[in-house]
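S.K.: Chain by chain, the residues:
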Amino acid sequence: MPQTPMVDHPDHEAGGSTSAATPLLSVRGLKTYFKLDEGTVKAVDGVSFDLFAGRTLGIVGESGCGKSISARSILRIVDRPGKIEGGEIWLQQEGDNENAVDLLQLPHEGPELRAIRGKEIALVFQEPMASFSHYYTIGNQIMEAILLHSATSDAAARARAIELLGMVGVPNPERRVDEYPFQLSGGLRQRVMMAMALACDPRILIADEPTTALDVTTQAQVLNLLQRIQKERGLSVILITHDMGVVAEMADDVVVMYLGRAVEKGPVDEIFHDPKHPYTQALLRSIPSIMAKPRTKLATIEGSIPHPFARPSGCPFHPRCPDAIKGLCDVKEPPTHALRPDRAVSCFLYGDAS
Amino acid sequence: MTLLEVKGLKKYFPIRKGLLRKVVGHVKAVDDVSFTVKRGETLALVGESGCGKTTVSRCIMRALDPSAGEVNFTLDGQTTDLATLGGKGLKPFRRHLQMVFQDPFSSLNPRMMVGDLIGEPLLINGMSDPAERRKRVRELLDVVQLPVEYMNRFPHAFSGGQRQRIGIARALALNPSLIVADEPVSALDVSVQAQIINLLLDLQDQLGLTYLFVAHDLSVVKHVSDRVAVMYVGQLVEIASTEDLFHRPKHPYTEALLSAVPKPDPRAKAERIILQREVADAANPPPGCAFHPRCAHATDLCKQQRPALVDLGNGHQVRCHHAHVLDLKGVGATV
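For the protein sequence lines, the chains are B and G, in the order given.
Using the working numbering, the first residue of the first sequence is number 1112, and each one after it goes up by one.
Using the working numbering, the first residue of the second sequence is number 79, and each one after it goes up by one.
Be aware that one or more of the hints could be misleading.
Going by beta-carbon spacing under 7 Å, a handful of chain B positions derived as facing chain G [as the list claims (entries may be wrong)]:
(1) Asn-1283
(2) Gln-1294
(3) Leu-1295
(4) Thr-1328
(5) Val-1379
(6) Glu-1381
(7) Ser-1400
(8) Ile-1401
These aren't lab readings, by the way, just hints derived from the structure by calculation.
Cβ atoms here follow ideal geometry from the backbone N, Cα and C, with glycine treated the same way.
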């Protein structure tokens, strides 16, 4: 039975909001599993984070950490056999700070959920070529989203599409609107993708590796565009990336993920200048830097990311961790320890154990 | 001592149209590129997609036939122009030039065991005794820090980093003089990338290898190379020592490229130079300097006359009319 979509916002446990403000989007204990013949892949295993209005939340991690699946879980567009097995995703109602709706309680493929996708929360994908249809002009594809969510005429939707293309810096929008995705360069395609995401004036934009497929100078253009649009519209952004440089430049708050877990959370400056989790510390040391002395070796993290089927027991990072405590880290899963309301780390080195 | 000298290298790809496949133009993928690589050093070839860096490396490997120019390779004091040689003539040189590829998932035959993959170049080059071959494969696995037991496994059993090590072992099998590494770490996760960068640096010290390192990631380039060459639309725009290029760039494109790299420090003031417009089309490059439509310092001269690559001393070469007067910003002080 579908439950009533309107529920009071839950009380915040440890790791809740920074200030008195309630988060726009609050993910609690999200679990998304893939049940395969070979076993269950716990792609996202109990992840919690908050997105506050007008801010950028960066979710970083290496491949297989579950950052993209977390984003897709928010919109409930996880591909099969992936299934959301537990958790809560509270979205604050527009213009109503008191009430929030748990997206996971909405009926699958129901009208409520469809009204949220694109209208409230929009998604920008990594590979713009794979996310467009080849058979429709970009104008048609932007118009589709507008016509779906509002009762406007075709002509008005087209005018809006042209306006959006101009806003994201596509040159000659009147002409480009009738072009097909394959006629555009990678940078332009990503801009069109952004225009499409913004078509219905969403409150939240989820950008999944938006610049990974782009060259650095094009990446700089797209990141600037994203910052400008965010400022102009007061957008809240979830930025998913593996690039610590992009996070450092774009994010206000950061969640570091490793093998389906959020291992550390905090304001961007503290994550980079006072990392707590051994994984975050090691990851930061191992990034090649443009500031480094020529021909210097890097600090490395032992071993490689385990295969999802062979997930280590206890803390998933313990086999690679220099600070692992024998008999503890390899047996028990570390709890999330809140150092402050906006700062948390999942590691036995902190909290009651230390 | 110069190991490789590339002189006036050109590679044009014909554009054909119509029923008769008439040639209507050329994509000038590589247009007059010259540089040298000294024995034991690492020269990085950097640039954005489509700039021709991979085409240069393929012309050197003779996976592509250059349209013009020389590829002089010096072996035991004897210099040979590889660009003029045909299949038979090239064969004795092939073993001295080896390649490490970008994608370790598609560059290893999934039906061959690791031992056979690494042993294949040995077999082709006349090491017919299986026992001898196995011995050498063991050595090579040891060099790239992989357990010897991996010999009898198939590539699918390995992670990206381990596969890249297998690819490196394969390239090292014949004791090559030059290794062309085309984006060898860009498909890897950060934590694994660092291991492979360190391995490449170690191997160079141990075996006296020479690398031509083709990459787009300037941070990685900073860690591995002695000198850096920057390409833009088929041409070299700047070549200098790593220190000079990163801290005292002389070409506006290099400056923009450096400023665009996101710095992994939220306190670093982001002063990105945002280039206007898009990369020029190599089939129809603008007149004059190929970079002028996007350059903030462009003058009328830049629109009309193509600048030459000029040496500013200390081996710092720049292709810019105004290189001597521009005050460009490099990355901050070395830390």
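S.K.: Under 7 Å is the threshold here; is the Cβ of Asn-1283 (chain B) close enough to any Cβ of chain G for the hint to stand?
M.R.: 12 Å, violated
S.K.: Should the hint that Gln-1294 (chain B) touches chain G count as held when the rule is a Cβ pair under 7 Å?
M.R.: Status violated, d = 13 Å.
S.K.: With a cut-off of 7 Å on the beta carbons, see whether Leu-1295 (chain B) makes it to chain G.
M.R.: 10 Å, violated
S.K.: For the restraint on Thr-1328 (chain B), tell me whether the closest CB of chain G is nearer than 7 Å.
M.R.: It holds, given that the least Cβ distance between Thr-1328 (chain B) and chain G is near 5 Å, below 7 Å.
S.K.: Going by Cβ atoms only, is Ser-1400 (chain B) closer than 7 Å to chain G?
M.R.: 6 Å, holds
S.K.: With a cut-off of 7 Å on the beta carbons, see whether Val-1379 (chain B) makes it to chain G.
M.R.: Holds, because the Cβ-Cβ distance from Val-1379 (chain B) to chain G comes to roughly 5 Å (cut-off 7 Å).
S.K.: Let's test the interface hint: is any C-beta of chain G closer than 7 Å to that of Ile-1401 (chain B)?
M.R.: Hint holds; Ile-1401 (chain B) Cβ to chain G Cβ min 5 Å, cut 7 Å.
S.K.: Can we keep the Glu-1381 (chain B) interface hint, with Cβ of chain G closer than 7 Å?
M.R.: This interface hint is violated because 9 Å lies over the 7 Å limit.
When the structure is compared with the earlier hints, violations turn up for hints 1, 2, 3, 6 and for no others.
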